[in-house]
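K.L.:
Let the hints inform the model, and build the full structure from the sequences given.
Chains as they are written, first to last, in the working numbering: chain A, 1 to 327; chain B, 328 to 654; chain C, 655 to 981; chain D, 982 to 1308.
Rather than coming from a laboratory, the hints here were simulated on the basis of the structure.
Treat each hint with caution, since some may be false.
What the hints assert, rightly or not - Calculated lysine-lysine pairs in the DSBU-like style (CA-CA distance at most 35 Å, straight line):
hint, chain 1, residue 1, chain 2, residue 2
1, C, Lys-796, B, Lys-469
2, D, Lys-986, A, Lys-137
3, D, Lys-1118, A, Lys-142
4, A, Lys-29, A, Lys-137
5, C, Lys-701, A, Lys-142
6, D, Lys-1028, B, Lys-464
7, B, Lys-469, B, Lys-374
8, A, Lys-142, A, Lys-47
9, A, Lys-29, C, Lys-721
10, D, Lys-1118, B, Lys-464
11, D, Lys-1123, B, Lys-469
12, D, Lys-1123, A, Lys-142
13, A, Lys-47, A, Lys-137
14, B, Lys-464, D, Lys-1123
15, A, Lys-142, B, Lys-469
16, B, Lys-469, D, Lys-1048
17, B, Lys-374, B, Lys-464
18, C, Lys-796, A, Lys-67
19, B, Lys-469, D, Lys-1118
20, B, Lys-627, C, Lys-683
21, D, Lys-1077, D, Lys-1048
22, A, Lys-142, C, Lys-683
23, B, Lys-464, C, Lys-954
24, A, Lys-137, D, Lys-1281
25, D, Lys-1118, A, Lys-5
26, A, Lys-137, C, Lys-796
27, A, Lys-142, C, Lys-750
28, A, Lys-47, C, Lys-791
29, B, Lys-469, D, Lys-1077
30, A, Lys-137, C, Lys-721
31, C, Lys-750, A, Lys-137
32, A, Lys-142, C, Lys-791
33, B, Lys-394, D, Lys-1118
34, D, Lys-1281, C, Lys-954
35, A, Lys-137, C, Lys-954
36, C, Lys-701, C, Lys-683
4 protein chains.
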Amino acid sequence: MPIRKPNFTPPFNIVRASHIEFDVRDIAKSRAFYVDCLGYLVTDEDKDSLYLRAVEERNHHSIVLRKANDASIPALGFKVASEEDLDRAAFWFAHKGFPTSFPDVPHQGRTLRTCDMFGMPLDFYFRMEQPECMLRKYAEYKGARIQRIDHINCFTPDVQASYDFYTDLGFRLTEYTETDGENGQLWAVWMHRKGNVHDLAFTNGRGPRLHHIGVWTASSLDILHICDVMASSGFLDNMERGPGRHGISNAFFLYIRDPDGHRVELFTSDYLTVDPDHEPLRWSLQDPQRQTLWGHPAPKSWFEEGSVFTGVPVREPVLEAQPIVAR
Amino acid sequence: MPIRKPNFTPPFNIVRASHIEFDVRDIAKSRAFYVDCLGYLVTDEDKDSLYLRAVEERNHHSIVLRKANDASIPALGFKVASEEDLDRAAFWFAHKGFPTSFPDVPHQGRTLRTCDMFGMPLDFYFRMEQPECMLRKYAEYKGARIQRIDHINCFTPDVQASYDFYTDLGFRLTEYTETDGENGQLWAVWMHRKGNVHDLAFTNGRGPRLHHIGVWTASSLDILHICDVMASSGFLDNMERGPGRHGISNAFFLYIRDPDGHRVELFTSDYLTVDPDHEPLRWSLQDPQRQTLWGHPAPKSWFEEGSVFTGVPVREPVLEAQPIVAR
Amino acid sequence: MPIRKPNFTPPFNIVRASHIEFDVRDIAKSRAFYVDCLGYLVTDEDKDSLYLRAVEERNHHSIVLRKANDASIPALGFKVASEEDLDRAAFWFAHKGFPTSFPDVPHQGRTLRTCDMFGMPLDFYFRMEQPECMLRKYAEYKGARIQRIDHINCFTPDVQASYDFYTDLGFRLTEYTETDGENGQLWAVWMHRKGNVHDLAFTNGRGPRLHHIGVWTASSLDILHICDVMASSGFLDNMERGPGRHGISNAFFLYIRDPDGHRVELFTSDYLTVDPDHEPLRWSLQDPQRQTLWGHPAPKSWFEEGSVFTGVPVREPVLEAQPIVAR
Amino acid sequence: MPIRKPNFTPPFNIVRASHIEFDVRDIAKSRAFYVDCLGYLVTDEDKDSLYLRAVEERNHHSIVLRKANDASIPALGFKVASEEDLDRAAFWFAHKGFPTSFPDVPHQGRTLRTCDMFGMPLDFYFRMEQPECMLRKYAEYKGARIQRIDHINCFTPDVQASYDFYTDLGFRLTEYTETDGENGQLWAVWMHRKGNVHDLAFTNGRGPRLHHIGVWTASSLDILHICDVMASSGFLDNMERGPGRHGISNAFFLYIRDPDGHRVELFTSDYLTVDPDHEPLRWSLQDPQRQTLWGHPAPKSWFEEGSVFTGVPVREPVLEAQPIVAR
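P.N.:
Right, here's the structure in full:
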């Protein structure tokens, strides 16, 4: 039976998905995309890195861009609840045989660097610098008026294995896609820590790779406006899918690609999942409305392309490639 | 040279596109679509007809549904500025050799019934019954909260001929699509009387046929909501294209098909065109953003399908079938 | 009987309210307000003047700011339909004994400068320079994303007299406020040329003075956003009334004051009035919902303050000062 | 020092504010308000009670209306994380000397009924019936399209005492108002369990009394629309304050009163507070923007009126009555 009970007493307390590091080939191009077009706020920058946050975020950064030769992803950041949780996490990962280290990470406190069984990089930290909050400085709201990072969505070669691993760490399932038939198999899972639909999601595919990060806006009109802006200011080719409504998660979405192909989902309007008896919602892999309530086909690239993690080999998925369900 | 100066002294004064009659095969099904789903207000009904208006409209109806064996369109309604304009119109059409009559039309005053040179039916009238205005009765706003009819869009076998004809009648060009090259030919035209982008538009294609009527909502969120409603209450297959942004006319749009296949465009946010020196905007037929600013392909049905006018033969177009420009 | 039939054959053809000149005491402060905060586009500027337009406008300017010692208003601009209409207008005003001149006005063609019987300044013109249209350059949409000028609203010492004068010029009544009782008297009138609720409105009060210019946004969310921006970036005291919904005109509104006290209404969502038999809507002066559907009181300043026209004496009104109807 | 550290190891685990019972004098009138006007979904009803939920809620009810002679409030409902938490809660309250009982409550599992030191009623439960979820049945979204209950806001005679009590129970402070001066005293506190600005808030005043329940909508346009609906369908007098923007909590709000005077806040757009090191935001009692960013005065009723809890005596507040800060 693939669906398990939530683990309400995990070995350490993860609070939420917090930030990501993108290796990019041209910081100036990335700046034009994230800052000038999307409206991200710059907290810090030098010639090789750019620290960005959204208007609600108290943390120093939710996106870090670093100049590199290859557009891969060195780190996914998760906040834990205390310094003690960091020690418990370090113990747990070391005990399970995963590599652990505490590298110096600028603008953050102690940071545990480790990975999961497929090599997906995981950074855990408790403290980060907190510059002045911009939430009430409305004149600084630009572009898509993005408020905060919401989640991280990855390809995994084995959804059941990833689901089991992160369930042990306390992530709770909210929605899932299953193949039909007697021995239905998990195709995709949406899991949360912070109380909405997800902090972390996995889809069957060549992995581990990042599918996208999801960032939240207060209104769907913010998403329609950034469509207009992108389409009329040289970013048309960066618009990959949407705007539209997912069946899964209820989200109104737009998927865009940054200049290095890293994918960002702008979305709004999911729902509250804090109740411990919140029942996960099952979707059949055959139901096209799970992906797009309004019946729009998604492009092939959306199903297949993703960002590799720096230095992490990619494996073939356990289940056969997903049938692309067009309307 | 295909583009002409506006005619500011037309033979009679057309005010605006006003209403349409749809022959439908099942009034109950049409009622479920227009009233229960879209939120149209019922002004009058009997077993074989249904009179509908939108929340802002003072007129008795902007859509009339009539039970019939075939789903064709018997009448397109235009309001003229006075009873005298009606007489001038009757004289002008008769003088040009078009059939004219003054049939009794329920809920309207004197109505001139005639047609253009391709047989496209034209009803002109000045007076219509005006029931109580619902604009300020916000509790009656349902579904898509449609405010008013805006325009009528048709296939014509000869865009240049239709453009010339309606220019003579005082319609003014706001935007147009032209084939490229030295002898560019008109592919599509948007023409108005009331001061926004259009009351009447023509596209090259098998015609005359109705492509769609356009109806106006106050907010793009009304259009996103009706997408959710349609997709989750049995009308998914009636959603044909969108939501999206046209380059042409600047409109945020959704195209839907009623149970008989008649097409309705929900749209919002075009612009003011009352200035007599308002320059028409040219689009190249090769520019994919004219149709969809955000790069979405449109389905084949949208390019090819339309509603025939009752008893009017359809001709092949002068120009070759439109290349479907997908992204 | 105070309400008259529309004049469909006016002595010359006014197209719409087009622009305004504001004399201001500090161009830099005005620039911070109109450009940095509201998002107006700068078409031209020198040390003593600033030419502004909104995102949809093809005209060179809809607001002109000029450095002056006093914050008065030298000109209200109306577009006419042709150069011939300008000559007809000049003849009509001269014939009625009004002063007429054709001063050189930068960026405009021939401009007739005259006034009405209370001295309210009137500039008529047909041609204005047309820089590149910005409607589809969405990345330039800033602040309140104002699309276009919509109307001019003035205090007059005699509403009936102003109503009669502008009715003769072809303005058509859409809504009006009347005192109750057997001999109801006009208190306020909304009149249009372009086909929506108004181009020009008059309210009883010390006049002639400008009450406000009205500028149109596509969404009420644009108005909510500019409230947030103004309140958090030093412009709180410039917010005078709203946001709210008028009963009259159905508009969602916000009234703001520029650094010199000139009043601007941001508004959206009125309705179409092109039908020649469009019946004006009467409001009783005792009905508080005409001013604010939601029951909010308006501040005393809104009822009493306005901008004087340069060099034009202000008279006491014919009717007693308006009772301020609070909820 | 009035501000304390959060208690991350409370005696039992409260998940969130969950529901409220309103005693009302006329169920039919309440039904017209909550169901016909606001759009609440009816889960169950008989002649003396009505069970309501919002479109996202999986619980059987978030509002219960009961026929009674007096319009008081018998119960405030909070969800705990498990049946064991219920036992821990019963032990804790009994041990502290509070009355505890486990009455039969329809549609809920075991329910602990107790109160705080001012007699404010508290119902704790873990299980509630879960009818079919309506989140994706968009055709059922009516009126204000309310998605879920968010918080409960009460007057307390002693804010510091209430703050201390609920801090012990694990509620975490997000924002607070303090009197100025050397010995600043807590005037109002906003506290959460579920990870946004609040589940429970207290303001200094005659208490304990309910100030309002807060319910969440996805868009500020839903709130503008319900203003129009209420104002034009007989509920104008039920609109007490707003719409507007709070400084505190960042919420776009509307306060309305039900037919018995119970207050409901419709609101949207607060922010995420799950980080354990999320710093509470201090507001001076002298800062008028804490209450209304845009500078609108609030009516006296909003500062003074509230609903009593059934059978619970009301005490005078420790601090003097709040100065009403008008602009």
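K.L.:
Has the given pair, B/Lys-627 with C/Lys-683, been kept, meaning a C-alpha gap of at most 35 Å?
P.N.:
violated, 55 Å
K.L.:
Holds or violated: are the alpha carbons of D/Lys-1118 and A/Lys-142 at most 35 Å from each other?
P.N.:
holds, 33 Å
K.L.:
Does the alpha-carbon distance linking A/Lys-137 and C/Lys-721 stay inside the 35 Å limit?
P.N.:
holds, 31 Å
K.L.:
Is the hinted pair C/Lys-701 and A/Lys-142 satisfied, with a Cα-Cα distance of at most 35 Å?
P.N.:
holds, 29 Å
K.L.:
Please work out if A/Lys-142 and C/Lys-683 have their alpha carbons no farther apart than 35 Å.
P.N.:
Since the Cα atoms of A/Lys-142 and C/Lys-683 sit roughly 22 Å apart, the hinted pair holds (cutoff 35 Å).
K.L.:
Under the criterion that the straight-line Cα-Cα distance not exceed 35 Å, is the pair A/Lys-137, D/Lys-1281 satisfied?
P.N.:
holds, 29 Å
K.L.:
Hinted pair, alpha-carbon criterion (35 Å max): A/Lys-142, C/Lys-750. Please report holds or violated.
P.N.:
violated, 53 Å
K.L.:
Hey, B/Lys-469 versus D/Lys-1118, does the alpha-carbon distance stay inside 35 Å?
P.N.:
holds, 15 Å
K.L.:
Given the proposed pairing of A/Lys-47 with C/Lys-791, does the C-alpha separation stay at or below 35 Å?
P.N.:
Since the Cα atoms of A/Lys-47 and C/Lys-791 sit roughly 30 Å apart, the hinted pair holds (cutoff 35 Å).
K.L.:
Would you mind confirming whether the straight-line C-alpha gap from C/Lys-796 to A/Lys-67 stays at or under 35 Å?
P.N.:
holds, 31 Å
K.L.:
Need the status of pair D/Lys-1077, D/Lys-1048: alpha-carbon distance at most 35 Å?
P.N.:
holds, 33 Å
K.L.:
Take the C-alpha atoms of A/Lys-29 and A/Lys-137, compute the straight-line distance between them, and say whether it is at most 35 Å.
P.N.:
Holds, because 26 Å separates the two Cα atoms, which is no more than 35 Å.
Hint compliance for this structure: hints 9, 20, 27, 29, 31 are not met, and every other hint is.
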